[in-house]
Amino acid sequence: MTVRGKAHRYGDNVNTDEIIPARYLDTVDPNELGAHCMEDIDAEFVRKVRPGDIIVAGQNFGCGSSREHAPIAIKAAGVSCVIAKTFARIFYRNSINIGLPILECPEAVDGISDGDEVEVELDTGRIRNIGTGREFQGRPFPPFMQQIIAAGGLVNYARERVLRNT
Amino acid sequence: MGQTITQRILAAHCGRQSVEPGELISANVDLVLGNDITAPIAIQEFEKIGASDVFDRSKIALVPDHSTPSKDIKSAQLVKTMRDFARKHKIANFFEIGRVGIEHTLIPDQGLVVPGDLVIGADSHTCTYGAVGAFSTGVGSTDMAAAMALGEVWLKVPEAIRFVYYGKLRPWVGGKDLILYTIGRIGVDGALYRSMEFTGETIRELPMAGRFTMCNMAIEAGGKNGIMEPDETTLAYCRERAKHPCRVYQSDPDAAYREVIEFDCREIEPQVALPHLPENAKPVSQVGRISIDQALIGSCTNGRIEDLREAAAVLKGRKVHREVRLIVIPGTQQIWLQAVREGLMEVFIDAGAAVSTPTCGPCLGGHMGVIAEGERAISTTNRNFVGRMGHPKSEVYLAGPAVTAASAVLGRIGSPEELR
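Protein sequence lines correspond, in order, to chains A and B.
Position 69, counted from 1, in the first sequence is what numbering that gives the first Met the number 0 calls 68; the numbers after and before it change by one each time, with no gaps.
Position 104, counted from 1, in the second sequence is what numbering that gives the first Met the number 0 calls 103; the numbers after and before it change by one each time, with no gaps.
No lab work stands behind these hints, which were simulated from the structure alone.
Honestly, I wouldn't trust all of these hints.
Distance condition first, Cα-Cα at most 20 Å in a straight line; then the derived EDC-like pairs of lysine to aspartate or glutamate [claimed, not checked]:
no., chain 1, residue 1, chain 2, residue 2
1, B, Lys167, B, Glu416
2, B, Lys47, A, Asp28
3, B, Lys392, A, Asp41
4, B, Lys73, A, Asp28
The following residues of chain B were derived to be distant from chain A, with all beta-carbon distances above 10 Å [stated by the list, open to error]:
no., residue
5, Pro170
6, Ile348
7, Ala371
Since this is a predicted model, take the numbers as computed values, not measurements.
Every residue, glycine too, gets a C-beta built ideally from N, C-alpha and C.
So here's chain B without its partners, still in its complex pose (with noise of 0.2 Å):
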């Protein structure tokens, strides 16, 4: 029986030819990451077992980005307990407070992670990485910790679920409504436990962007990853910026899988999940008129250049509406720097948004745009839970960076094509 390219990565970082799913393994591991949330945990971790060193000071990460630049004394506390860390260390590889990034939009854009890495990393969104065609899969700070020790995790081989896109995209629609969409047939279980690998020729024509947008979501649907085959698309994408080689790898065309889905492209039209959960998506037509609070534009969902440039074409010579606040947070200072450079921040600032340097701050409650009692927010990120961007009785609304700026100039939900 042939292998996914899931099977064939961690075969590869177990010594064997082959897995089969079901399976636990001892993997090696090329990256172990933490953030300011979950490393200074696994820190106190590494600690009690007693390590003298970490396994290789080159494969750990650290990103303080969740309540960065921090937000109280006592978030302070946890970046400078992960920058001693990395200092003691001696681990290159700590972002500082100006050079940070939210961590899935800084990883792969650093080169850290490339085809045929295994990764894991203490944030359950780490599955983006699956995009470039790594095995990369969220765990928690104490196996952060044994990783940092061992350079192993423990993983059950997963079995797989096939999505196929078929299909031209209408226009305003990307990566964000396709994981949308898929999340809303499948439920927030439907994949519990399984790789989801993303295939059609509706992906291979999709950009880098929406692709990690995809992957980013797998974990919404319970996914342990989200994975898409390396194509030249891949490739161009990390031949100017890997710092390690490349190991691709393909899915056998007889590789067993437990489901095979087909979604026809052709009819999917910008999505808007309800609140308290992402499996309630609907087509943003049939979302009724909803009035809104606060627009967020960002995350480690979209927060990449392709999703500024798509929320700027909507706001180009328009107005936020005078009862909504709009925030604007772009993923790296990269992407910052090369909105600045393409007149995007300007758009943005003449429409009346405000404009924060990266953060994962307002997508979890955390900062920078917390929600208050009764409060609805529309936004680009990952989870609407309740109480997810502040008060426990408040309501997000999730959509892609279109419908989100849209929503900001109309003051309710809705879609670009409203505009006049």
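The shape of chain A in the complex, shown without the other chains (with noise of 0.2 Å):
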């Protein structure tokens, strides 16, 4: 599957509650919470982005809490994929299991500004800035991983797990 949008640029340490602020976290409602997504680091963003746009960050991306609102808000916001140097490690497994897309990259977070286009072939991990026509290779997810990834999330996973045992 290939994904393509505007890339948002951000830096370092970008965290949970820059990504979703807890006083929106009294809801489960995804589209609630992707009204209010990157609101405390970039409150222009959810006017910004469009469908298929891509979050492009540095090290550390989705520090801080567990709040896998943080994923979902991403997600209900239209954004296709985030590439980021490196990902907190709760950020990242939560990602995996909700099935938002995210690729380790730094290479290609040094070469893509703000506002590329760049297109991401999920599957191979093989990253494009349009603008440049430069290509990146990320970081595949070890086997285990894309088995969830392809299940559909962890959710669908277990339910597979829970049928085969009944």
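Two chains, two frames, some hints: make the complex.
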């Protein structure tokens, strides 16, 4: 599967309080959460973002809280993929578990500027900056995580397990 | 090659003799935990999985501590979701308002986590329980849902960093200062995906409260877990409360570490982490003249009885500065009661502090002490991110209970040594 959109570029240590402030954690509705995505780091984000757009960030993206509301908000805002130098570990597993595509690729992050048009092949991890023509290779997921992604997230993976056991 | 304590516990929970860093395993869990922010999503996802019942109703804990006592209708609905789920599945460890405490203070105090356990919690500070020699890590709501259905969690075996602390602590220096100092040295992603193993003579002298505080903030360095090998102090704490048998694991002498970092604690002053990252730690003497509007003593990091005693020792016979609000939040009902019996509550109220029932509230800018635009707080909590305690244009400084209490009196950030 290939996704394409404009890059929204952020720095290091973007944390979950910036992605979805705690004052909005009184709901589990993805659309309500998406409406406040990135509010405390970029109040204009929800007005700028278009379906398919890509967040590009530095190190330790998603650090802080375990709130799954963070990847849920990003997904609901229409973001198709997050590319970062590194991800904080709970954000990383939450994204895989809920089916938000993420890729670690420091070279791509350095080679993409805010507003660049970017294309990502999610299966292979190939990243292309359309404007500059430069290509980058994101780190592939280990086979076990690919199974979860292929099943459509951890819920489906667990449901298959439950069905097999009954 | 030998195994670290983390490897030993993980191996024991997937039926193996040993596991290697980088391996992906599916491990059995001894406890699955969630709070009123994360459990409602987990419950929704649990229903989608389609399991007829939870894997083991005695191994699930539901702790509504974040927005409780419910601050508004939406929050009340979230707690109701948990309450209904607990009743339906007969989950005894649902803690109702009036019996609830801050999860990471309550769970070990209740003896629900003991040495050798493997615990996952849909809360990033679940790493706190490493202080009793358990493997314990924060996960998301979907992980919690899958674990409630299957009793298992997928984990990547982490590499470990060994932190060795030696030397006697200076006055007013405790676990909070050690961990802020450590994060200041390695950065907020200095232990990303790694196990942080805390050891050394200083740790062996540290009371349980300080140990919990240190492991609690492992996540603030990106760590997967913080952990300490159980010793006499651990066992004395666990013996009187354990709800199931302890399994004591130690790291092998030839265990492999990615890095070993030593700290001479004789040099460590009380620490303050400046906005907006916990890695911005500085000795209190170098912070400069920073006035404050609010001071908060509490949270899963520093809401234990030892923390309240330390704050009371500073506040006794003194008054909170007229331009400062001091809020004190005991971690559990038992700690609250103990503080009453020891006369600490009288000290706080005489000093002019507001004392609240246990809640995470203000730590995450939820309720019970949210700060306004342009305001500045000093807090014994664990995060000073942008907008963490309220308005996006507010500031949070992190410190231990003694410095926070002293600052509340001074009206600016300062140490207890500055009080006359």
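Structure-based check of each hint:
1. Pair hint lysine 167 of chain B plus glutamate 416 of chain B holds up; C-alpha atoms about 18 Å apart against a cutoff of 20 Å.
2. Distance check on the hinted pair: lysine 47 of chain B and aspartate 28 of chain A sit about 16 Å apart at the alpha-carbon level, within 20 Å; holds.
3. For a cut-off of 20 Å, the pair hint linking lysine 392 of chain B to aspartate 41 of chain A stands: about 13 Å separates their Cα positions.
4. Taking the CA atoms of lysine 73 of chain B and aspartate 28 of chain A, the gap is about 12 Å. The hint holds against a cut of 20 Å.
5. With a closest Cβ-Cβ approach of about 32 Å to chain A, proline 170 of chain B is found to remain outside the 10 Å limit, as its non-interface label requires.
6. Residue-level check passed: isoleucine 348 of chain B sits 28 Å from the nearest beta carbon of chain A, beyond 10 Å.
7. At roughly 13 Å from the closest C-beta of chain A, the C-beta of alanine 371 of chain B stays outside 10 Å, upholding its exclusion from the interface.
Going down the numbered hints, you'll see the structure goes against none, and every one checks out.
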